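Chains as they are written, first to last, in UniProt numbering: chain A, 1 to 344; chain B, 1 to 344; chain C, 1 to 344; chain D, 1 to 344.
Rather than coming from a laboratory, the hints here were simulated on the basis of the structure. One thing to keep in mind: the hints can contain errors.
It does not matter which identical chain is used: a pair holds within one copy or between any two.
[Unchecked claim] 20 Å max Cα-Cα, derived PhoX-like pairs, lysine-lysine:
no.: 1; residue 1: Lys318; residue 2: Lys337
no.: 2; residue 1: Lys35; residue 2: Lys48
no.: 3; residue 1: Lys329; residue 2: Lys318
no.: 4; residue 1: Lys71; residue 2: Lys334
no.: 5; residue 1: Lys152; residue 2: Lys337
no.: 6; residue 1: Lys65; residue 2: Lys35
no.: 7; residue 1: Lys71; residue 2: Lys35
no.: 8; residue 1: Lys203; residue 2: Lys87
no.: 9; residue 1: Lys174; residue 2: Lys119
no.: 10; residue 1: Lys196; residue 2: Lys48
no.: 11; residue 1: Lys329; residue 2: Lys48
no.: 12; residue 1: Lys260; residue 2: Lys200
As the structure is a prediction and not an experimental result, all values here were calculated from the model.
Number of protein chains: 4
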Amino acid sequence: MIVIMSPNTPTEEIIILKQKIESENNVSINVIQGKEYCILGLIGDTTKVDASKIRANEFVENVEKVQQPYKLVNRLFHPEDTVINVKDASIGGEKLAVIAGPCSVESEEQIVEIAKNVKDSGAKFLRGGAFKPRTSPYSFQGLGTEGLELLKVARQETGLPIVTEIMSEDMIDKFVEDVDVIQVGARNMQNFELLKQLGKTRKPILLKRGLSSTIEELLMSAEYIMSEGNENVILCERGIRTFETYTRNTLDLSAIPAIKKLSHLPVIVDPSHAAGLWWMVEPLAKAAVAVGADGLMIEVHNDPANAKCDGQQSIKSKVFQNLMTDINKMVDMKLDKLQDAVKL
Amino acid sequence: MIVIMSPNTPTEEIIILKQKIESENNVSINVIQGKEYCILGLIGDTTKVDASKIRANEFVENVEKVQQPYKLVNRLFHPEDTVINVKDASIGGEKLAVIAGPCSVESEEQIVEIAKNVKDSGAKFLRGGAFKPRTSPYSFQGLGTEGLELLKVARQETGLPIVTEIMSEDMIDKFVEDVDVIQVGARNMQNFELLKQLGKTRKPILLKRGLSSTIEELLMSAEYIMSEGNENVILCERGIRTFETYTRNTLDLSAIPAIKKLSHLPVIVDPSHAAGLWWMVEPLAKAAVAVGADGLMIEVHNDPANAKCDGQQSIKSKVFQNLMTDINKMVDMKLDKLQDAVKL
Amino acid sequence: MIVIMSPNTPTEEIIILKQKIESENNVSINVIQGKEYCILGLIGDTTKVDASKIRANEFVENVEKVQQPYKLVNRLFHPEDTVINVKDASIGGEKLAVIAGPCSVESEEQIVEIAKNVKDSGAKFLRGGAFKPRTSPYSFQGLGTEGLELLKVARQETGLPIVTEIMSEDMIDKFVEDVDVIQVGARNMQNFELLKQLGKTRKPILLKRGLSSTIEELLMSAEYIMSEGNENVILCERGIRTFETYTRNTLDLSAIPAIKKLSHLPVIVDPSHAAGLWWMVEPLAKAAVAVGADGLMIEVHNDPANAKCDGQQSIKSKVFQNLMTDINKMVDMKLDKLQDAVKL
Amino acid sequence: MIVIMSPNTPTEEIIILKQKIESENNVSINVIQGKEYCILGLIGDTTKVDASKIRANEFVENVEKVQQPYKLVNRLFHPEDTVINVKDASIGGEKLAVIAGPCSVESEEQIVEIAKNVKDSGAKFLRGGAFKPRTSPYSFQGLGTEGLELLKVARQETGLPIVTEIMSEDMIDKFVEDVDVIQVGARNMQNFELLKQLGKTRKPILLKRGLSSTIEELLMSAEYIMSEGNENVILCERGIRTFETYTRNTLDLSAIPAIKKLSHLPVIVDPSHAAGLWWMVEPLAKAAVAVGADGLMIEVHNDPANAKCDGQQSIKSKVFQNLMTDINKMVDMKLDKLQDAVKL
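Go ahead and model the full structure; you've got the sequences and the hints to work with.
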């Protein structure tokens, strides 16, 4: 961490601040006196140094991080990729994990039919919302616990592990019992109480990036979960909010190589929510595979025009099947290349 | 609501969609056939029509709202300003409501001293965090329930009603008992479960705008609370996330006249969190008064350099006092003008 | 175009406005009277109707477009893809057009060597800046006309057509004579005088999306060029400005399918400028191909660490060669698929 | 400037880079070896050190500025406020400079009438567009040189100095002769060729912030002008592009105190273009005065509903007059306070 002092700070103030920072934190400080500016370089573990506290000193102009503020999610201290196993499936590593299913569970017939279809096309996980976060209180809010029961029926019929979103700490016990992967939605990415409680379970957590969250904040939210002991965190890029209005959000595919450099955790892409347009799912899904995502999360519906929510971004089972055929070719191409590399 | 059909949509598809929308919603539809595009105009109460469902039709190019999607917060159906009374103080109406206090409660001595100072300068409410949402799990998370107790002591000493942030549904009963105004932080603005539960109480709720939330989404979150029966909602602009990095967030003061036009609810401004720089609090607070805010929420600390959080954006009691003097002159100028207008 | 009147607008005002719009524009108007709102639906060619003028009426609440505001770039009126031929190469259509070369021309040796390398790897165009737009007046501003001469030498040595950026109307004649494709940089995307003058030439124009430009604005800037008679416009996505700071800009790959739906013009991707990080060029380039871009623009340097500008985003010739091998496989896979489709 | 090396960089690479930076720039370097990271602190004048060049080194993780990259606009080297005198008026210093007039010049009658009105209300400068940057090539593009002539007539009638926008380098000589303050629009803020040429004149330049430009980039564009010798630069905040769509842009009033801290140049606010809504001009103008702007630029029209452009954001002369009355009271209050301070 680097502390930049305001020009013309009295020397005694620099000395006082240096001593204060050293005594409050387990660090030592090097002082560099430039022509206009004096800077303090903190040496030691600065992960837990509170930069905003230092910034509160009236002679401090700015504080710049050198070390990342996260430890457990940091690839620097955990160089190998994390692979998360869920029943027979896994997320992370060489295989591509595809999660598919409807925006929301609507009926047993609907969820079972879609589950069978996506399984036949090669999906390894079933998604489906039981509790739905909706902008309007007047929109369909999901079937709730009944939806969870229907997901369990679909799991029994297909063997696919189920992924569904949690919206309240009060439901954690039920989700731990019923669900295979617990999803935290974009709007709850910084619901820190929820993250802490999920950190006390050992369930895989699928953590979606908030609409206006930086990559660093996403990783800090993962750190919240891991700091409570749960190491099974999967990250998900799903579009960020920008000035562009043609798409609902702007899918930030650069986040994938960035996260893979910064962290060992697996990261997947949700092309359905990003654009909010069904006809963009296919090209964006392929781009996500090409950019190096560990998996995809795709909304599939048997009758999008009558879906109870988000039909405009759901693709039909047949479209999903064709998409999977193309994606599998892309994955094969990658694996061939990996094998060639091993042979050399 | 206007539905724009894709060019060259077959007439029978238009008829089918028209009948479907009419039968599923209590609306009638006018069809306008243009040169390239056909549009459907929905007549009736469209507040509860689910636009995304219509957008899911493959022949629909776009759906545009005409009516706002909120009802209870809408000024159209409630032309007079809402004034929320809290003990002897109020928010909304002609007086300016000033809420002041430290970022977090640190000790009895600290909170009582600051409470007395801000009261002497003219603040009508005491703020202070007991539960703190922090980006890092390693930062100070607040004193918790002990913090609530200290706030109650400060209230007893000064008579100031207390405003503090809730972070979990599980704490609602305690907050209803102990607190005068319950704050929902920016990161929980779309924690819909929390909003629904708060809607079941009758406590004043101070709802902060999310970092990437539109004005409409803020109003929809207020609608969540009101739709459960709680009409005591105060809105708060606290900066949005943009590309500018000099300030932590960009304070969107245009949101104040916008919200006052769209809604009858009172709206206040938090200049401390917006910029994240103590020396900007004064000019931004004055700008907020000039633009027509119903109140201010300002971080004041007796020793910012040693504050346990957000010291860099807290002003000292003396600075706050001077600010209040200037602001009172601005308010007087406004009231004079109102009186002149009445005389005419 | 739809005009939404404010609630409670007097009927006579609606009639006056209706007549005014009809008389000033070649349109007819349907009036739909809803419960709260009255809307006017304009029928006819509204491309040239000035929405802001209608919005200036005090009783107008909002104006929504139905028809796109561009005509010549619009796929609706020109369904087939435009292919732009430059010497033996082309942009648009089934082949992928790759433009490669250094950020700036530094010397004859440098530009010729890189030109040969990228040609060997399969690039079809040589890029290189002679006039460089730099944020700081103290940074290297390019070799200017000398740089143009060196590009011509490299073209002679390799046969590759050259692409370079224009920064001033005064240079148009020289560029028309010396250069094969004239690039308009992101910062000049709305330099309308420059666009108009370029519209009077017949040279291919590579138009980069502005850092904060919407897709619609990019298309309107292309319309400026085309409206003066030059139909040879190539669009380029190169990242937009968002709150994320890890990458310099956020590459908006959703813009590719969006533009291909809205317009017949070819669209390429510049992954080098988007992220501003050399190690992201490879994954982003592949994602661009997967998402359906018509081409790529990639910065290649023989010695990035000593490049006079943007070395941090340039890849070495060897890395470029490997990238081209992978990309060609992706292209082959696509062509195979197209052939299969034809056989069916 | 601080260079952060990647973890595990070999010591010899650090030594090589240190020597390279020192030899290429007139700086000396301190090396701080932390636990994971090694950082280099550059001492000396780093204004002209090219950070992107250092970032191109493969072992460099990041480069952080300490010193601002601008010199001539920097308050650090020029502590007193710059005041720019134009005929009898001035911008900067204690008085508030108000520039008012129509979006575009439409006729002699129109511009002369508005000029007289705004002068009567207290405006010190007349604005009016002769060359208009429009998103659509089909919109009214201004009267061109005829518009300049009409502005001169209005100046003769009222004595008000005229402010108008330049769109092309080719017009500089004419503008220098005819105009009192040359405006550079938001879309040309980084038209570096134009800035350089304007830097060679001695005319006051009103430089508007680009829609997606940071405060630092605005100051760098001012540095372009000043580095060519023209010290008469006025900055203008006019709204930035964000995700909020209710207003056309988001007026960033925090930019005013930020710029006043960083630079000695005067800075004014354009509330008309920011929101794009006439009824927001009044509250935003007052907020701009309260936040400390040196002036305002306001669109006034005698008949907004029939204005040839931007009528939706223009206020009538009568509204402007009332606004000026209120603003003058605010200014008086400030001057009183200044006088009180002097007396103490």
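task = Since the copies are identical, ignore which copy is meant and state whether Lys329 and Lys48 lie within 20 Å (CA to CA) inside a copy, between copies, both or neither.
result = The answer is neither: 45 Å in one copy and 44 Å across copies each exceed 20 Å.
query = Between the shortest in-copy and the shortest cross-copy C-alpha distance, which are at most 20 Å for Lys152 and Lys337: within, between, both, or neither?
reply = So Lys152 and Lys337 fail the 20 Å test inside a copy (39 Å) and across (38 Å) alike.
inquiry  = One pair to classify: Lys65 and Lys35, alpha carbons no more than 20 Å apart. Within, between, both, or neither?
reply    = This pair counts as between: shortest inter-copy Cα distance 14 Å, intra-copy 22 Å.
query = When no copy is named, should Lys260 and Lys200 be tagged within, between, both, or neither for a Cα gap of at most 20 Å?
reply = neither (25 Å within a copy, 44 Å between copies)
key: Identical-chain pair category, Lys71 with Lys334, by Cα at 20 Å   = Answer is neither; intra-copy 31 Å and inter-copy 42 Å both fail.
message = Within, between, both or neither: how does the pair Lys329, Lys318 come out at a Cα-Cα threshold of 20 Å?
response = within (17 Å within a copy, 26 Å between copies)
Homomeric proximity label, Lys71 with Lys35: Cα distance no greater than 20 Å = Classified as between: cross-chain Cα gap 14 Å, same-chain 35 Å, threshold 20 Å.
task = With 20 Å as the alpha-carbon cut-off, assign the pair Lys203 and Lys87 to within, between, both or neither.
result = within (12 Å within a copy, 46 Å between copies)
request  = With 20 Å as the alpha-carbon cut-off, assign the pair Lys35 and Lys48 to within, between, both or neither.
outcome  = between (31 Å within a copy, 15 Å between copies)
ask   = Given a CA cutoff of 20 Å, do Lys196 and Lys48 count as a within-copy pair, a between-copy pair, both, or neither?
value = within (18 Å within a copy, 36 Å between copies)
key: Identical-chain pair category, Lys174 with Lys119, by Cα at 20 Å   = Answer is neither: 25 Å inside a copy and 47 Å across each miss the 20 Å cutoff.
query = Is the C-alpha distance from Lys318 to Lys337 at most 20 Å within one copy, between copies, in both cases, or in neither?
reply = For Lys318 and Lys337, the Cα distance is within 20 Å only across copies (17 Å; inside one copy 29 Å).
Violated hints, listed in ascending order, are 4, 5, 9, 11 and 12; each of the other numbered hints is respected by the structure.
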